[in-house]
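Fit chains B and C to the supplied structure of chain A, relying on the hints for placement.
Chains as they are written, first to last, in the numbering used here: chain A, 4 to 357; chain B, 4 to 357; chain C, 4 to 357.
Calculated directly from the structure, the hints in this document are not laboratory data.
Since we're looking at a predicted model, the values are computed, not measured.
Take every hint as true, because none was put in to throw you off.
One copy or any two copies: either way a pair holds, since identical chains are not told apart in the list.
List time: in silico SDA-like cross-link candidates among lysine to any residue, alpha-carbon distance up to 20 Å:
#1 Lys30 to Ser270
#2 Lys30 to Asn308
#3 Lys101 to Arg10
#4 Lys101 to Gln322
#5 Lys102 to Val313
#6 Lys102 to Gly33
#7 Lys101 to Asp80
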Amino acid sequence: MRTDFPRDQWYVAAYGGEVSRRLLARKICGEAIVFYRTSSGEPVALADRCVHRQYRLSASALDGDLLVCGYHGFTYDSEGTCVQVPGQRRVPRTARVKKYPVVEQDSFIWVWIGDDDAADPKDIPRAPWLASNEWTTVCGMEPLAARYGLLVDNLLDLSHETYLHGGYIGTPEVAQTPITTEVDEEHGIVFVSRHMEDVACPTFYAKSTGIEGRIDRWQDIEYRPPCLYLLHSRVAPVGVQPGADGDDSGAFHVEVVYAITPETETSTHDFWAVARDFARDDESVSAFLAENNRTVVLQDVTALNLLETVIATEPPGYQELSINIDTGGLAARRMLAAQIAAGDTTRAPATATV
Amino acid sequence: MRTDFPRDQWYVAAYGGEVSRRLLARKICGEAIVFYRTSSGEPVALADRCVHRQYRLSASALDGDLLVCGYHGFTYDSEGTCVQVPGQRRVPRTARVKKYPVVEQDSFIWVWIGDDDAADPKDIPRAPWLASNEWTTVCGMEPLAARYGLLVDNLLDLSHETYLHGGYIGTPEVAQTPITTEVDEEHGIVFVSRHMEDVACPTFYAKSTGIEGRIDRWQDIEYRPPCLYLLHSRVAPVGVQPGADGDDSGAFHVEVVYAITPETETSTHDFWAVARDFARDDESVSAFLAENNRTVVLQDVTALNLLETVIATEPPGYQELSINIDTGGLAARRMLAAQIAAGDTTRAPATATV
Amino acid sequence: MRTDFPRDQWYVAAYGGEVSRRLLARKICGEAIVFYRTSSGEPVALADRCVHRQYRLSASALDGDLLVCGYHGFTYDSEGTCVQVPGQRRVPRTARVKKYPVVEQDSFIWVWIGDDDAADPKDIPRAPWLASNEWTTVCGMEPLAARYGLLVDNLLDLSHETYLHGGYIGTPEVAQTPITTEVDEEHGIVFVSRHMEDVACPTFYAKSTGIEGRIDRWQDIEYRPPCLYLLHSRVAPVGVQPGADGDDSGAFHVEVVYAITPETETSTHDFWAVARDFARDDESVSAFLAENNRTVVLQDVTALNLLETVIATEPPGYQELSINIDTGGLAARRMLAAQIAAGDTTRAPATATV
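So that you can see chain A by itself, here it is in the shape it has in the complex (with noise of 0.2 Å):
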């Protein structure tokens, strides 16, 4: 099956705090995965379908590690293996469902999609600071109604803050001030850099923060195709600058994480995190950062949501016109089209025929 998704990749599928002794059902890239904790606290992602008559197993129950399906009582280990079936004593060789490999990092929960072989955890990307105790964060997932190009689209372009978050994390001078972007291919990484010197510091961060003038802005893009994305902002009073030994404690440190996962062709699972390393202990400028982020969040989720009807009802074929802001876009859907033909040729042997 030929999809739009790089396969052979690992996903976020959930935050840990989400996979627990209830299942859950989540799709990613188009495929139905139940995830539960053992009793160990290992978590654990299946094949969200019997190998009977396909019913869900994450509308069933677990009996201690054991998951019991809740149409005719198929009951599966943590390995996928069918142990039990209702009526007889032989269970059936074949009676499995899959097993994807799961791992738990940064306080996600990590899923390959693709052929297990391939599945290496080292290659999973970091996001340190969601689960380092030098750091506060916040976070949350929103579902999106837009197929996940639209959303890489949109993150690599930060001059979209000018409009789209206007009063919130925009400012005229993002939209104004041009980028650099660079593009490391032997590791799949697209760098966007955006540093705004002598600017108005948008409520995002003067609320946080507490700078009360005018500040220069960094926002350095690190995107990992085809899920992570980081956004290392820094924010300093005019002027302020890391010192030669590398000390940077003038200024405020913001990491914004998005995970970014296919669901089906046409929606997405939007999870977004913010931790920094200031007024860690207020609760009053966490619970503002979460509200201020989700809002912004949303903003984009209708955006892309609208969008998405656009391409959907509308002629394909439509030539969009790219302009320099663009450069970091363009050069994430080139390693995410080098991904999914990668994935393809993995599936599809190249003396196949199609």
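Here is chains B and C on its own, set in the frame of chain A:
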């Protein structure tokens, strides 16, 4: 038009009480039909589409025994013949809508879907308890947003009672007890039997019969594809057997009747009735059984609607795994496939190419 | 792209009062268009899709006479030319959105769908009563979830008034009285007339004119495909005739105007207006006619929405049966088919292969 419905078959369209002097619209096997009774009480079924501009006749009105289209007044008699049109005296000779053969029997209105020439009321399978003075019946109909085949699967394998209907009619012994299956190819019947001895009595029977201890419990399924499903259910205190003379008055009998009528390719009219030969005048028992059985049917509806979304949204070609409990369902599928093939032959001569 | 819409035609897009300094999104013949007025009051219609990333310009904002895209700030003048982009000075020369020809006339905003070169405002059919000081008008627009052809059929055959609008504008005589139909191929007009003498006066006219007895009632339809439909309606006490000099002041005249504008293949903007030459300053008559005519339009909407579901869900190729009352509607269908064919020719030269 090729469909997945058996044609040249009788289907339950409604309960007799649903068909009255008010027009009733119901789709049967994808065909839109309007039902009503003439002033003498005869049930009538006509194609629900005006010959003029396709308006739904069910959105119209009766004038005596004439059906007057609510859009432009084309007027039909109960044979489907147009007898009046607006603005002119002459009525075109071809102006008629299809009249469907209907039979009222055993409290149901049966309708023939297929070639009228082949319609023989003697072929209609019987469920005599429903209209018998010696039985007391409660009944209903639930709309199912799933293909009828899923309901056939469901009803032919009652081991699901243990998991989906636990606490109502399910106990662990249902799933544990093996079945015997018999297929009468000549008369087109699938029999599935499960006789349980010395087992727990589910709430459904404990409350309605008043039995306080363990029971012998027989489930004898008789399915006459495509539409009529009978579950001859017998419960009795442990060890109570029918007499040699056939007398079984020490046991309690319930005839559970389902009529499985396709509405569209992916939706079904799920008629259910429960007839009993005990506590026949006890209205609290009637109320309990009606409420309880409807709850059980809705548990099935919820599960099958979920299954329909699995089938509709996920890649086709999934290879289901079948075990002993499925022998009845698989036999039913084979018979339905044969009926579908036979119905197709009727419409497309053997020499035709498709 | 082949559609079932006549192209190279003027369509009513809105009432003049709907187009203001606030952006109005409306789809016409499947084309998404944003409407607004410049600060000098000129109506403007632009393609509702930003050249950059396809965002809906209607979800954006005006800055003086400039339209600033709400996503990344691409800025357009009222010619559709992009005059500013974010992050750089140079604006790509190809950056422009289509500007649609618009004309404000007879209280409507007309838009041209097709090749701009062929747009001639002189071709716009007139409905002068709507903006005349000598008539009083009530009007509205109802969204119709049905293809526009069903509304054309509906309006060209008023015998349906008897059945669908009985008690409002229908009486038995409408369906009983034959029509005369005339087709002006040269100017593209269908005329359908029904003159009724000594007939009951429907509520619609009894209450608004104050006539208490029976009436002569003329319905003279003039349809100019694709969009403009005029019903010249005359009611008078029985026997009151126009004078030899043309004076008809003993009668009451109502000009019922419909503009039939396709939104998508299966939905329509149903504009309706009722202009009268009597009780012109009586606001209770205005309120009565507005309420009553809207009720009648909504009766049509309900019926046509139902018809659309019949057409959408049932096998195609249904052979409708037509009678004398349909001659106007059939003539209209032929003209629309010719207009569609002509519009196609414009787009695809005869030598092209498809």
